[in-house]
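Colleague: Turn these sequences into a full structure, and let the hints steer you where they fit.
Protein chains: 4
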Amino acid sequence: MRKPYFPSNENAPLPLRVTVERRVRFEEVDPLAIVWHGRYASYFEDARNAIGEKYGIGYIDFHGNGVVAPVRIMHIDYHLPLGLNEIVTIEGVLHWTEAARINMEFIIRNSKGIVSTTGFTVQVFLDGNNELLLMRPPFYREFCEKWRTGQIG
Amino acid sequence: MRKPYFPSNENAPLPLRVTVERRVRFEEVDPLAIVWHGRYASYFEDARNAIGEKYGIGYIDFHGNGVVAPVRIMHIDYHLPLGLNEIVTIEGVLHWTEAARINMEFIIRNSKGIVSTTGFTVQVFLDGNNELLLMRPPFYREFCEKWRTGQIG
Amino acid sequence: MRKPYFPSNENAPLPLRVTVERRVRFEEVDPLAIVWHGRYASYFEDARNAIGEKYGIGYIDFHGNGVVAPVRIMHIDYHLPLGLNEIVTIEGVLHWTEAARINMEFIIRNSKGIVSTTGFTVQVFLDGNNELLLMRPPFYREFCEKWRTGQIG
Amino acid sequence: MRKPYFPSNENAPLPLRVTVERRVRFEEVDPLAIVWHGRYASYFEDARNAIGEKYGIGYIDFHGNGVVAPVRIMHIDYHLPLGLNEIVTIEGVLHWTEAARINMEFIIRNSKGIVSTTGFTVQVFLDGNNELLLMRPPFYREFCEKWRTGQIG
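So the sequence lines, in the order shown, correspond to chains V, B, A and D. Under the numbering used here, think of the first position of the first sequence as 1, with each following residue one higher. Under the numbering used here, think of the first position of the second sequence as 1, with each following residue one higher. Under the numbering used here, think of the first position of the third sequence as 1, with each following residue one higher. Under the numbering used here, think of the first position of the fourth sequence as 1, with each following residue one higher.
Simulated from the structure, these hints should not be mistaken for laboratory data. Mixed in with the good hints, there may be bad ones.
[As the list claims (entries may be wrong)] Straight-line alpha carbon distances no greater than 27 Å define the calculated DSS-like cross-link-like pairs of lysine-lysine that follow: (1) V:K112 - A:K112; (2) D:K54 - B:K112; (3) A:K54 - B:K3; (4) D:K54 - V:K3; (5) A:K112 - V:K54.
[Claimed, not checked] Across the chosen pairs, the derived CB separations fall in these ranges: (6) B:D127 - D:K112: 31 to 39 Å; (7) B:K112 - D:I87: 26 to 34 Å; (8) V:S111 - B:K112: 53 to 61 Å; (9) V:A12 - D:E145: 48 to 56 Å; (10) D:L134 - V:E98: 37 to 45 Å; (11) D:A12 - A:I87: 34 to 42 Å; (12) A:I87 - D:R17: 42 to 50 Å; (13) B:L133 - V:K3: 56 to 64 Å; (14) A:I87 - V:D127: 30 to 38 Å; (15) A:E10 - D:N130: 47 to 55 Å; (16) A:M135 - D:N130: 47 to 55 Å; (17) B:K112 - A:V20: 33 to 41 Å; (18) A:R23 - V:E98: 29 to 37 Å; (19) A:R23 - V:G66: 22 to 30 Å.
The beta carbon of each residue, even a glycine, is placed where N, CA and C say it ideally should be.
Modeller: Written as structure tokens, this is what we have:
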């Protein structure tokens, strides 16, 4: 049993989950015939984008609100390798936090449905002057409020 | 003998040449143990950047003059493969043209000095509104004038 | 009207065409907010793979027959840029040739269906000792025979 | 003060350190004009390779000994962004461990020498059948013995 990447909180709303599919390309595979470890950030990003689009909290939405949300931490645990042409699913899990952060977990499953890779990222919010925001920006707070009150999920 | 990528003109100033070195990374090598064919644009770009910096006609210079110079044509001939850790040289050759274009040829030589890859790119000039410039922008014309009159080279 | 990349021959069977879809990722977009020119080889490859899978002439099939088919020429014409999140189609067109080559043309259309990028690749056949094959390998000749006689297409 | 990525042990030999230089390429920079977070694995790898070459414990050495050493954990902390053309140094730090693991820390400093990015990787050893080795392979143990007894460093 993996230790949770983010501490759970029984008062928090349930995480939001989105799953996307992707197929391993020839160019992603290294001389050992497996996906090179440095390419998984792209896999995670596919799920991050899917969450962003589904809930209106993607790169474009941030940009429209004068905010950027750079990744501050990325962590990857490689359990099983992925091979050429393998069709994988990437599950992105948005975890609740009261902090001015975006906490996402990622779970990649191989073509047999077995967990191949897990990891997480933490994003922060910067304003137009690249200053760290200590509070969540208004549009993101609104999203969180809907999430907390069960209007989305 | 390779056919020249750009027609020669006996009245034109001699091409400008810059050579850079690069080492093949593990992540660039495919399951066949050679550099994946799609990665050579990055190798060409190293030489393009070196020419840009040496002569003040790089991305930053264009940007400072309100111009972009996107690649309109790229052509690559693959003669010999490159392998892991191979140290290669990339020669960039800027060919003279009267047109509002940047014509560059590239020659990659492997660790034995044998030509491995050749190719060329053609760039055009766009103004701040992404309109094609039919004449070379002033700062680039000045560079060309110095080149033509032997002040650089 | 573009000039054809490959000479047409009225006695040749019609080209085989496969179209795939792809969405521009954040990581593919450069500081000018367009897909960096060096990334299009990956787009072409998506269509190449689709042709390979549909007709049993992909990387895996070559490998199973002791043959590799490296790209010897790649040519790209950039007509219009592609932007973030744009959904594009990539059409791969396999052109008939009697030579021991694989001639493919590629046509990328942007989200409005307008041709954004075109290009071609030429692949050759190598045997297990990396020697150039002057004749098409048997399994590929069989495929061509079916193509020529209208059994596929 | 950052918390150490690996627990220190006063009886362990001092870490081994190698520093390499790299310049940010245009293609690595995203629409926000900073290096996309997913590209740092490549930066870390440059230092990993330098350590491998300096001490004879690189990919080629593993391969020659019938071993592979895949990355099992990668962690990255992004402190400050990197911009176009920035010349950075990447310090790789090999930390001592008695376990059948390779523990490396990475420190990227920007052109002003300020720490921009830190992180670590943990690699394990697999034999030719992809079975996890519970003991360090002989050639790596020999290297460790020299390290421990001060013959290298």
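Colleague: Hint by hint, work out which the structure violates, then give me just those numbers in ascending order.
Modeller: Violated: hints 1, 3, 4, 8, 11, 16.
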